[in-house]
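Trainee: Here is what each chain is made of, one letter per residue.
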Amino acid sequence: MSLARKRILIAKPGLDGHDVGAKVIALALRDAGADVIYTGLRRTPDYIVRIAVEEDVDMLGLSILSGSHKELVEDVIAKLREADAGDIKVFVGGTIPVEDHEALLKAGVCGVFTSEMKIDSVIGAIDRELAEG
Amino acid sequence: MSVPAAKKTEQAATQFDALGTTPSGIEVPITVTPEMTVSDGSGPGEFPYTRGIFPNGYRGRLWTIRQYSGFGTAEATNERYRFLLDRGQTGLSVALDLPTQCGYDPTDPIARSEIGKVGVSLSNLAEAEILFDSIDLSKISTSFTINGTAAIVYALYLAAADKKGVAREKLTGTIQNDILKEYVARGTWIFPVRPSMRLIADSVLYANEQTPRFNPISIAGAHVRDAGSTAVEEMGYTLANGLAYVEEFMRRGGDVNAFAKRLSFFFYVHMDLFEEVAKFRAGRRIWAKLLSERFGVTDEKALHFRFGVVCGGSSLTAAQPYNNIVRVGIETVAAVMGGAQSIFTCAFDEAFQIPTETSAEIALRTQQIVAHESGVARTVDPLGGSYYAEWLTDRMEEEILKVMRGIDDYGGVVKSIEDGYLQAQIAERARERKQAVDDGLRKVVGVNLGERATRDQDSGEVFRLDPEGVRQVLEKYQKVRDSRDDAAVERSLARLGEAAAKDDENVMPYLVECCHAYATVGEMVAALKKEWGEFREPIRF
Chain A
1 MSLARKRILI AKPGLDGHDV GAKVIALALR DAGADVIYTG LRRTPDYIVR
51 IAVEEDVDML GLSILSGSHK ELVEDVIAKL READAGDIKV FVGGTIPVED
101 HEALLKAGVC GVFTSEMKID SVIGAIDREL AEG
Chain B
1001 MSVPAAKKTE QAATQFDALG TTPSGIEVPI TVTPEMTVSD GSGPGEFPYT
1051 RGIFPNGYRG RLWTIRQYSG FGTAEATNER YRFLLDRGQT GLSVALDLPT
1101 QCGYDPTDPI ARSEIGKVGV SLSNLAEAEI LFDSIDLSKI STSFTINGTA
1151 AIVYALYLAA ADKKGVAREK LTGTIQNDIL KEYVARGTWI FPVRPSMRLI
1201 ADSVLYANEQ TPRFNPISIA GAHVRDAGST AVEEMGYTLA NGLAYVEEFM
1251 RRGGDVNAFA KRLSFFFYVH MDLFEEVAKF RAGRRIWAKL LSERFGVTDE
1301 KALHFRFGVV CGGSSLTAAQ PYNNIVRVGI ETVAAVMGGA QSIFTCAFDE
1351 AFQIPTETSA EIALRTQQIV AHESGVARTV DPLGGSYYAE WLTDRMEEEI
1401 LKVMRGIDDY GGVVKSIEDG YLQAQIAERA RERKQAVDDG LRKVVGVNLG
1451 ERATRDQDSG EVFRLDPEGV RQVLEKYQKV RDSRDDAAVE RSLARLGEAA
1501 AKDDENVMPY LVECCHAYAT VGEMVAALKK EWGEFREPIR F
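If you read the sequences in order, they're chains A and B. Under the numbering used here, the very last position in the first sequence is 133; numbers go up by exactly one each time. Under the numbering used here, the very last position in the second sequence is 1541; numbers go up by exactly one each time.
Hints listed in this document are in silico derivations from the structure and should not be mistaken for laboratory results. There could be a bad hint or two in this list.
[What the hints assert, rightly or not] Subject to a maximum C-alpha distance of 27 Å in a straight line, what follows is the list of computed DSS-like cross-link-like pairs (lysine-lysine):
1. LYS1476(B) with LYS1502(B)
2. LYS1479(B) with LYS1164(B)
3. LYS1289(B) with LYS1301(B)
4. LYS1443(B) with LYS118(A)
5. LYS1443(B) with LYS1163(B)
6. LYS70(A) with LYS1301(B)
Bear in mind the structure is a predicted one, so any value in this text is a computation, not a measurement.
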């Protein structure tokens, strides 16, 4: 697994309080050997980017179930680039309508995961992304 | 010869009901025999109310059909309310957007991307006046799913009623006002646990006096359930929270025989029909016994465990969404056989979007079909006396009490929350539940049984929020800020802060005064934060 000892930040941007998906993925990544940091709820894109840079993470997962995914994802990616941390890969999980997936991928995320996907396949996809470097 | 674990899982996944347990993990015998059941012998309307709180069930009064709804602007939501009332809905249920729920004004940087997304934006009295325009608040009961800012939204409702000239004692409805479960699952906390408990006590005691027909708290298990807990834990945590509130209100000088009459509860109904019915029967029994034994409650109405439910939630799937209509139908039957006082049926597309008018209407019609065609509401507690239902009620009662003892052993609800103990337990349980579905041990049609190779877009109409809404909300907000009497706002906010600083003062009258002066939700929250600080979330998983 490429996940071993990789540093991954799981973050909850915006005001959405649904953190089950974020925690389930955090637990699964931890069990797969990654060093996982979880931000807790209600974080601004600025805060998330700051923690990602300070903690020197390899990857950043954003969990959003409030329908604000487009704005928040674009904001985080722009701020990562501003902070000269555009190499940190970003994935997004949550309630994301299928018709929005393409736009998010175009905006620069490496994966869009929804609750009906198997945990194993989400972890597998993250692992492959990390392997690609 | 031992079979490898992976092989076992594979075999089990192909069997019908491989686990042979309810979703809470209670092992169910193939046959329940009469000697396995012990009924408590009570009838409907008799202590401990296992069979229901009313002797005549739904014959006296049908449950309230109450669809959770709200999005975008107060104008758009008011229009949807009038649509639902026109089609036979009997009470309103207000969905508020996240800035309103978390106490931020729409202009706050963290609020901008969330305005009107998951509910209506309600930042001040002017918006409340629009929201309830042409709706008779003396006749229609209104429920607000609001917690962190519940006292403020309740104050806005009172101010709106005052302005419409509706007498406060005529107001009916509910504010959820259950902060304990927000720390555990739903996440719209603002202040630390202890000042939050004070704010809830303030609002409940004030409401008992000012709006005697209004339910100032609805102790909710639904969100904990949705976050991953089992039916047993949902009931166990909720009853434990309920007891914590009762103790707090008594400490503040409330008369338990009076305030307990206005306590209500709120739960999810999921797909395992008998477990859900047994959960409600057991919950009624435990609550009545605990209030009577532990607090000496004697007033019969104060012993009544009244609850509303939501059918849908995490049992709904985004895959093959029309199947959700059937799920919600079964869950509605379970809610009725469990004796619910009000029901909210989710729309089939609610797993992934705000319902369209079509899907919202089907959800409403589902309740009417169960009410008027199925006949399940004809007689009280129709499953009473069923060997399985009675046995499972007893088993659920045992397991729920175990969960409650677990919290007591840890040091009580408040400590469990402050330490992040309950939060961590629920996350673990969510993962188990997800893994069981991933492994095929729990079947979900369309997801791990009968799934299609490709996810097609068969969800019918797509709901799109009017993008103009955000601009309108911001414009209206600015207009209120520009036209109000700033000195009066400052004065009322200062008085609110002074009241909050004193432990023995009730902040409610000051909040109502702020609302009348057109102070905003964000301003009132800021004034309280200054005195009480903010909750620091324990990160533990």
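Trainee: Under the constraints set out in the numbered hints, which ones does this structure not fulfil?
Mentor: 1, 5 and 6
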